[in-house]
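Engineer: If you're matching them up, the sequences are chains U and A in order.
Per my numbering: the first sequence = residues 1 to 349.
Per my numbering: the second sequence = residues 1 to 349.
There's no promise every hint is true.
Where chains are identical, the list cannot tell them apart; a pair therefore holds if satisfied intra-copy or between any two copies.
[To be verified] Listed below are the simulated DSSO-like cross-link pairs for lysine-lysine, each with C-alpha atoms no more than 30 Å apart in a straight line: (1) 328 x 125; (2) 124 x 158; (3) 304 x 27; (4) 187 x 105; (5) 304 x 335; (6) 102 x 335; (7) 124 x 105; (8) 64 x 146; (9) 181 x 217; (10) 304 x 342; (11) 187 x 102; (12) 343 x 226; (13) 342 x 64; (14) 146 x 342; (15) 122 x 304.
Treat the hints as calculated values from the structure; they're not laboratory data.
There are 2 protein chains.
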Amino acid sequence: MKPISDAFLVVMAGGSGTRFWPKSTSKHPKQLLSFGQGTSLLTQTLNRFEGLIPPTQKWIVTTKSLTSAIQDDSPGVQILSEPQGRNTAPCVYWAAREIAKKNPKGIMLVMPSDHTIPQLEKFKKTVSDAIAWAQSHDDLVTLGIKPDRPETGYGYLKFGVSVGSGAYRVDSFVEKPNLDKAKEFLKAGNFYWNGGMFVWRVDVILRAFDQYAPEMKKIWDANHEKVEAAYPHMTATSIDYAVMEKASNVTAFPLDCGWDDLGSWTSLENLGELLGAKKDSSVVMAGDLISIESTQNIIDAQGKLVALLGIQDLIVVHHGDVILVARKDRAQDIKLVVEQVKKLRPGLA
Amino acid sequence: MKPISDAFLVVMAGGSGTRFWPKSTSKHPKQLLSFGQGTSLLTQTLNRFEGLIPPTQKWIVTTKSLTSAIQDDSPGVQILSEPQGRNTAPCVYWAAREIAKKNPKGIMLVMPSDHTIPQLEKFKKTVSDAIAWAQSHDDLVTLGIKPDRPETGYGYLKFGVSVGSGAYRVDSFVEKPNLDKAKEFLKAGNFYWNGGMFVWRVDVILRAFDQYAPEMKKIWDANHEKVEAAYPHMTATSIDYAVMEKASNVTAFPLDCGWDDLGSWTSLENLGELLGAKKDSSVVMAGDLISIESTQNIIDAQGKLVALLGIQDLIVVHHGDVILVARKDRAQDIKLVVEQVKKLRPGLA
């Protein structure tokens with residue numbers, strides 16, 4: 001496959017979530033973790049576009065505080081280093097302007113850095129279709145992930161009419177639903193998860209910014225395109241909220257490739273097969289496991305012997321100076337733990 | 001208090017149980033653990049007799065394989081090093097013969113090395129009473145621990161008639177009962193736990209050995225008192241079985257001093273107050289604990305931050321290269337784990 005010469009990849013790697021604490025911390029966030037797959041999620045993301053995007057046109061956007069760690073993880077990759085995190089709209093805008101300097105009609109792919117996509121060929125095919133569409137249409141293109149469960153943790157895209165080539169008009173962006181709504185969505189069949197993956201020409205997205213968020217251009221120009229000066233004035237807002245939800249030219253391609261956003265320790269269960277052998281149906285990333293009448297646990301304790309006796313549905317993690325033991329159904333509440341860690345042992349948060 | 005010049009302490013420290021695995025291992029058994037109290041249970045045992053027993057008359061019996069570790073823990077204390085473990089009867093017999101060489105009418109105290117006795121003064125008073133009795137009676141004296149629950153994990157002493165000075169004749173030694181029996185015992189009031197603590201003159205116990213286990217003297221004499229030669233011929237049997245259950249001159253003093261044999265991780269709950277502050281009613285020996293909606297756990301992870309989220313009734317231990325997570329009601333089954341460890345990572349068992 002020959003790379004598409006006018007395509008630029010922008011990987012958003014500024015997140016510093018704590019859902020995988022203690023493995024993920026503010027200084028070593030999820031995108032730098034490998035989850036037993038040899039390379040970081042960030043590197044996996046960059047590698048995913050091999051053959052599609054010219055190597056010198058793969059960029060990473062991250063915040064200053066993470067830049068050094070990101071550089072270590074992805075040496076040689078160009079980094080746009082934000083003075084501070086401002087959600088996704090400002091970083092997309094900045095990257096779009098930078099790409100426009102290289103190629104005013106360049107194709108810009110915006111991708112999260114911390115998701116997993118097991119079925120690579122399907123993904124590449126969909127992305128190629130999206131690029132082709134963006135090259136020939138003045139549309140904001142996004143990828144809608146085919147849901148396989150009534151998930152309440154994601155926003156949805158409501159697909160409208162088919163517009164050919166496998167693409168659909170997006171009627172609306174839908175906030176995270178409750179379970180009843182999510183079940184309706186799954187049954188209806190035209191609701192797709194919003195995975196935050198976008199493909200567009202830079203002239204198209206910059207025009208959309210000018211139309212729906214004109215203050216961004218003003219701030220940028222007033223500060224002579226100096227990122228250090230402009231950023232503090234930028235409102236922290238998402239690209240969805242600033243542009244996508246308001247735009248009428250949003251087109252989507254359905255994506256069905258085993259995508260997972262690794263939203264919590266429990267999402268590792270969806271990735272079981274990627275993590276190699278499992279014992280007693282537990283997901284295990286440990287030196288050795290001894291499991292007696294123990295099932296359905298998630299274990300991450302590299303280099304350790306982990307022994308379980310009569311244990312079900314737990315998350316057990318050892319990392320550095322920390323041992324976490326949490327009920328799986330409380331995985332979303334690990335943030336409560338991290339809040340306490342910040343007070344008690346800030347260096348470990 | 002002036003030490004009793006004719007009294008000798010024999011601390012039995014040959015055990016290599018694994019109930020506190022991974023903290024206790026075959027090379028570092030329970031008697032060498034401190035359980036957050038600064039010194040090992042063995043040292044605590046030796047110290048318990050300060051003022052009662054002359055320092056040079058405190059002896060330790062252990063096996064060859066543990067001798068070096070015991071020496072490190074109790075430097076300067078005389079050690080009788082058994083070529084191999086043979087249960088308690090042979091080591092009591094050997095120690096009695098050694099004491100008889102120093103003082104044929106010496107008082108011998110036989111004490112386990114891995115129990116805990118919070119109420120020291122009460123203990124010393126009872127031991128003093130027992131010593132006084134043994135000095136003036138040709139009896140085998142033992143201490144019966146006042147039960148506070150219908151425990152099925154211990155053998156019992158059935159107390160008979162009072163013989164004065166707070167002592168009772170022991171009618172019989174009773175095997176570990178089932179729960180119904182244990183409840184009856186508790187109600188009856190004259191059943192006491194057999195804690196394996198004995199006080200007698202060496203001439204009295206040696207005479208009892210000659211009467212009830214005459215082969216011991218034969219083996220010992222035939223091998224010219226050479227322990228390396230004699231030991232392989234000794235039958236591994238307990239002092240209870242070899243002598244106490246058969247003897248008719250057994251006298252007991254009731255002991256009520258918060259005694260605990262630390263039979264498993266869960267027994268640490270009985271020691272809560274010795275271990276300092278507790279959080280959420282968990283027993284904690286860890287660097288720091290963050291506990292969110294978690295109660296009644298037993299945590300031992302020195303130097304670590306342990307974070308619990310929605311966790312009840314678990315044992316969580318980190319030690320060296322091992323992490324153990326076990327349900328508290330499975331504490332007695334840790335031996336099943338250790339059996340697997342012996343196969344998988346013998347160095348950790």
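Engineer: Hint by hint, note whether the structure agrees.
Structural biologist: Checked hints:
{"no.": "1", "hint": "328 x 125", "result": "neither (35 Å within a copy, 52 Å between copies)"}
{"no.": "2", "hint": "124 x 158", "result": "within (23 Å within a copy, 80 Å between copies)"}
{"no.": "3", "hint": "304 x 27", "result": "both (24 Å within a copy, 19 Å between copies)"}
{"no.": "4", "hint": "187 x 105", "result": "neither (39 Å within a copy, 91 Å between copies)"}
{"no.": "5", "hint": "304 x 335", "result": "both (25 Å within a copy, 19 Å between copies)"}
{"no.": "6", "hint": "102 x 335", "result": "neither (41 Å within a copy, 67 Å between copies)"}
{"no.": "7", "hint": "124 x 105", "result": "within (22 Å within a copy, 92 Å between copies)"}
{"no.": "8", "hint": "64 x 146", "result": "neither (35 Å within a copy, 67 Å between copies)"}
{"no.": "9", "hint": "181 x 217", "result": "neither (38 Å within a copy, 85 Å between copies)"}
{"no.": "10", "hint": "304 x 342", "result": "both (26 Å within a copy, 15 Å between copies)"}
{"no.": "11", "hint": "187 x 102", "result": "neither (45 Å within a copy, 91 Å between copies)"}
{"no.": "12", "hint": "343 x 226", "result": "neither (35 Å within a copy, 64 Å between copies)"}
{"no.": "13", "hint": "342 x 64", "result": "within (20 Å within a copy, 49 Å between copies)"}
{"no.": "14", "hint": "146 x 342", "result": "neither (37 Å within a copy, 48 Å between copies)"}
{"no.": "15", "hint": "122 x 304", "result": "neither (37 Å within a copy, 44 Å between copies)"}
The structure does not agree with the numbered hints 1, 4, 6, 8, 9, 11, 12, 14, 15 stated previously, though it agrees with the rest.
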